[in-house]
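Colleague: What follows is the residue order along each chain.
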Amino acid sequence: MPTESPFHGRIAPLCTSYAWKQWGGYYAVSHYGETHLAEYWAFREACALTDITPLFKYEVKGADAARLLSRLTVRGFAKMPVGRVAYTCWCDANGKVIDDGTVSRLDEDRFFVTAAEPTLAWMSRLSRGFDVEIVDVSERIAALSLQGPTSRDVLKQCSDADMDALKYFDTTQAKLDGVELQISRTGYTGDLGYELWCDAADAIKLWDALRSAGRAYGLEPAGIEALDMVRIEAGLIMLGVDYHSAPHVTIDARRSTPYEIGLDRCVQLDHGAFMGQDALRAEAARGASWKMVGVEADWLGLEQLYASYDLPPGLSPAASRATLPLYADGEFAGQVTSSVWSPLLKRHLSLASVKAKYAQLGSVLQLEHTVLYERRKVTATVVEKPFFDPERKRTP
Amino acid sequence: MATTYDAIIVGGGHNGLTCAAYLAKAGRKVLLLERRDILGGATVSEEITPGFTFSSCSYVVSLLRPQIIRDLELSKHGLEILPLDWTFSPFEDGTSLLRGPDGEMNRRNIARFSPRDAERYPLFGQAMSELGRLVKPIVEAPALDPSKLNLSTLIELLRLRKHFRGLGEDAIAANLKMMTMSAYDFLSEWFESDRLIGPMSVSGIIGTFLGVRSPGTAYVLLHHYMGEIDGAFRAWGLQKGGTGQVALAIARSARALGVEIKTGCPVARILMSGDEARGVVLENGDEYRAKVVVSGADPHRTFLGMVGEDRLDGDFARQIKRFKMRGSSGKVNLALDSLPEFPGLAVDSPALKGDITIAPSVDFLERAYDDAKYGRFSRQPFMDCVIPSLTDPSVAPPGKHVMSIFVQYAPYKLKEGPADWENQREAFGDAVIDTLARFSPGIKDRILHRHVLTPWDLEQTYGLTEGNIFHGELSLEQLAFMRPVARWARYKTPVRNLWLCGSGAHPGGGIMAAPGQLCASTMLKARAV
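Here the protein sequences line up with chains A and B, keeping their order.
Just so we're aligned: 121 in our numbering is position 121 of the first sequence, and the numbers increase by one with no gaps anywhere.
Just so we're on the same page, our numbering is the position in the second sequence counted from 1, plus 396.
So here's chain A without its partners, still in its complex pose:
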């Protein structure tokens, strides 16, 4: 039985579809109204507000906080300035990914960590001998994500933060209608957007202030279904969908290193000793055997495939988390793990895990596609990701 987030009192009456999901033990809206598409377009054309309280959140403080986080994750934090956020992942001793999340430096000796899954026990176990205190603030901190081209205008209207000074992956303290909060220019949509963190007691006040300021900027509350579409367009992976947490699976074939799931850029092999370092150093030298790539299904191929059944192409308007095999020359080449028809880009796009030899851009593969109960194949090409990457995401 899921529990209610601190925003539930405002969210529930708006969720006229009664389409709820469970996320991290909380009720999460799938879509508010008749379909999720209006919310999708709000993400891309105006701005959308999503309750992200279900994320697991930790405060790591103490003289050794930076040292501990550098030890735990694949990135070094000694030199990260206060007011910056980093995206990182953490691995087991074999270099297999456990989870991914963000680390914000709120102060010299105070960090804020988000994770998709509970991480307190693991962090605590590895913190022995470090001068740190790790506090699970998952329930104490309520969180909202405000994403989309007009998100900055909304926050300019209602917060005292210097929004023009807040760069991509910056974080700042601010006040919004009397509510103390932390604003990070981060998100899961590949667009201009912010994540807002406040005390759970202030949640309703924050929600109301944003809704009221957002009215003039097309702000819409958005659920998980629309979010899933935009995160695929942005080429962002999801734990439990595009990869699996190493301790949660039983065979090694289901585990992945950061290099195998496209997190190469997070790994700083030489920042000091960290969990999984030896294994990752060896893999870096050897080359990963799997790669996370973007795959585009050939539209004309799809159209012809459906035409052979006398049908128009019937693609779902929702994102899919179904795993589908990819083939090359009749051999198994990997699998698609998330896919979406992008109404914005007019392309059928997937995130896929493929054997390294098929990972180069332009690789031509065959993607399984079911038409009228029958499993068929359609040509798909390895293409660049993120599929959607607007300038405004990182420009001031």
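Hints may be right or wrong, so weigh each one.
[Stated by the list, open to error] Calculated lysine-lysine pairs in the DSSO-like style (CA-CA distance at most 27 Å, straight line):
1. A/205 <-> B/796
2. A/156 <-> B/796
3. B/532 <-> A/377
4. B/532 <-> B/421
5. A/167 <-> B/472
6. A/393 <-> B/796
7. B/921 <-> B/532
8. B/472 <-> A/393
9. A/175 <-> A/393
10. B/421 <-> B/921
11. B/558 <-> B/921
Derived from the structure by calculation, the hints contain no laboratory data.
Given the coordinates of chain A, assemble chain B onto it according to the supplied hints.
Modeller: Chain B in isolation, oriented as in the chain A frame:
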């Protein structure tokens, strides 16, 4: 002249741009000349009052061929079509009908007026989609010319025959009915409630000088269901930043493909040598030469204006003159201080993001047509409204809105003559707002700016002869192998090296870009360029 081009395209509307892009894609050297300082023709967005972007003329994107979107990489160049999922139809007694993407909701809402209609409604959609499949290959290929029975016509006919055979007798019978009946009669075969037939029938009259009870209007209904056959592609939508951005996306693609585009270059006439087009002469006297000239302007403007009647075959000239332009619609664009309210609709209802159709009954529509028949604008016109700023806040200042109102009837030929529109423009605008105010009380107090376009303005400013938004009525006798005239319906014209790529050619108007694309492919296939 220093430069010679393979092709000169006259007019930077969406079809001219599309044709230019396809020719350049095939390696041809193309020059496009646009009369105005702004590209797009009637596919245009203009900041008429500061901060508000109006899609001055064409306001919804319909039927833009998916293949064109892919071929010209329009998504990469800025094409963003936002959904228009709802249709809200208010009635004079304060009730209303809301239709949207949720079938169950539609059934409930329609059942308030007729439970039988509610049940038939989804079946109608199904039947229309079936018919759409029938029409698809016709729209996607150049028109067949039954007067020329050569091998290639035969092959095409056989291909179509195979296609039609697969559709079944019922679909073919329905199609024949569709071709001949009025929108009202056709819909009455399905539905009984005036409240449903009224708002649905207007799709049959948009852009025509016909009423919903006039024969032949049923066919245009079909256009509303054609887009759905492309599955995930949306049939009706709004372009981000206004309709003009569609043209600009095509223009960016065209430029990337090497097309040279010049704006502020009004073409005075086609440069002729004997009976052959050799280039164009601008109003300022500049000459540009090319192997072929392709006109994106309407048939009247192209042949009677830029070529000249004296250079045309007499029979052809007469046929072009008879080609019905007779614009019947106007446009009112509003800058609003706040969102309009409609009784029965919640203030934040998503329905306002859709289409608002003021067509409360068949009689209302027919009376609106009566005015037009006798040379007056409708005292109580039919209106199709959208508020793009709700989905795309970039077209208005924060909290403010733009409302686009398509209005019919506004006959080009007023009793007092078309130029009298200069005197009647504001009265026309008043009639529109007064009528709207009956359904949306308080609208008048929200208006910050009003921009009224009459058919006269559509002609004078945007170059549409007689203000016809489709470059000639989409009536049955002006379609397919008769568009614009029989024997010359495949983009080629009797003037050697002059081709037609605008909406006056098959398959006609709307932001479909098919005439532009098909003209280019026909030219390339014929090695005309």
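Colleague: Against each hint, give a clear statement of whether it holds in the structure.
Modeller: Cross-check of the supplied hints:
| no. | hint | in the structure |
| --- | --- | --- |
| 1 | A/205 <-> B/796 | holds, 25 Å |
| 2 | A/156 <-> B/796 | holds, 18 Å |
| 3 | B/532 <-> A/377 | holds, 25 Å |
| 4 | B/532 <-> B/421 | holds, 25 Å |
| 5 | A/167 <-> B/472 | holds, 26 Å |
| 6 | A/393 <-> B/796 | holds, 25 Å |
| 7 | B/921 <-> B/532 | holds, 21 Å |
| 8 | B/472 <-> A/393 | holds, 17 Å |
| 9 | A/175 <-> A/393 | holds, 23 Å |
| 10 | B/421 <-> B/921 | holds, 14 Å |
| 11 | B/558 <-> B/921 | holds, 24 Å |
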